[in-house]
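Heads up: the sequence shown at position 14 corresponds to 13 in numbering that gives the first Met the number 0, and the numbers run straight through without jumps.
Hint data in this document are derived by calculation from the structure and do not stem from the laboratory. Careful: at least some of the hints might be erroneous.
What follows is a list of derived Cβ distance ranges for each label pair [as the list claims (entries may be wrong)]:
#: 1; residue 1: L10; residue 2: S80; range: 31 to 41 Å
#: 2; residue 1: A87; residue 2: K19; range: 25 to 35 Å
#: 3; residue 1: I16; residue 2: V39; range: 39 to 49 Å
#: 4; residue 1: G25; residue 2: R89; range: 29 to 39 Å
#: 5; residue 1: T66; residue 2: I31; range: 11 to 21 Å
A virtual CB, placed ideally from N, CA and C, is assigned to each residue, including glycine.
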Amino acid sequence: MKPVTKTPASLNMTAAIDRKKVDHLGKNWATIDFEIKEQVDPTEFKYSKMKPIVGTFVIGNKRVEVTYSELNQIMHTAGASMQQCDNAYRIGKWGTARKN
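Hey, can you work out the whole structure from these sequences and the hints?
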């Protein structure tokens, strides 16, 4: 898979990640990134009811322009999702882990 981004605005600098070393983390791990927008009106960012686009969220080959409020929702959803997975493991929903 080709790197999605190589811009200085990239948060994770995904072009520098050696994909062979991180394959065990999942096929999309090395492609998750955020590119901050070069220019945002500060007044609009602070006071506007409809927040402006602040950047682009990238996963795999999908690019989605997002507002600050949407980034906040993504953060909360990701945290809740991780908690749900931990709970599913703890109660045995997925079976029992065995060390190889």
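Hint by hint, here is what the structure shows:
1. Between L10 and S80, the C-beta spacing of about 20 Å breaks the proposed range 31 to 41 Å.
2. The beta-carbon spacing between A87 and K19, approximately 30 Å, falls within the hinted interval of 25 to 35 Å.
3. Between I16 and V39, the C-beta spacing of about 27 Å breaks the proposed range 39 to 49 Å.
4. Distance hint check: the CB atoms of G25 and R89 are about 21 Å apart, inconsistent with the given range 29 to 39 Å.
5. Taking the beta carbon of each, T66 and I31 are about 19 Å apart, inside 11 to 21 Å as hinted.
In the structure shown, a violation is registered for the earlier hints numbered 1, 3, 4, in ascending order.
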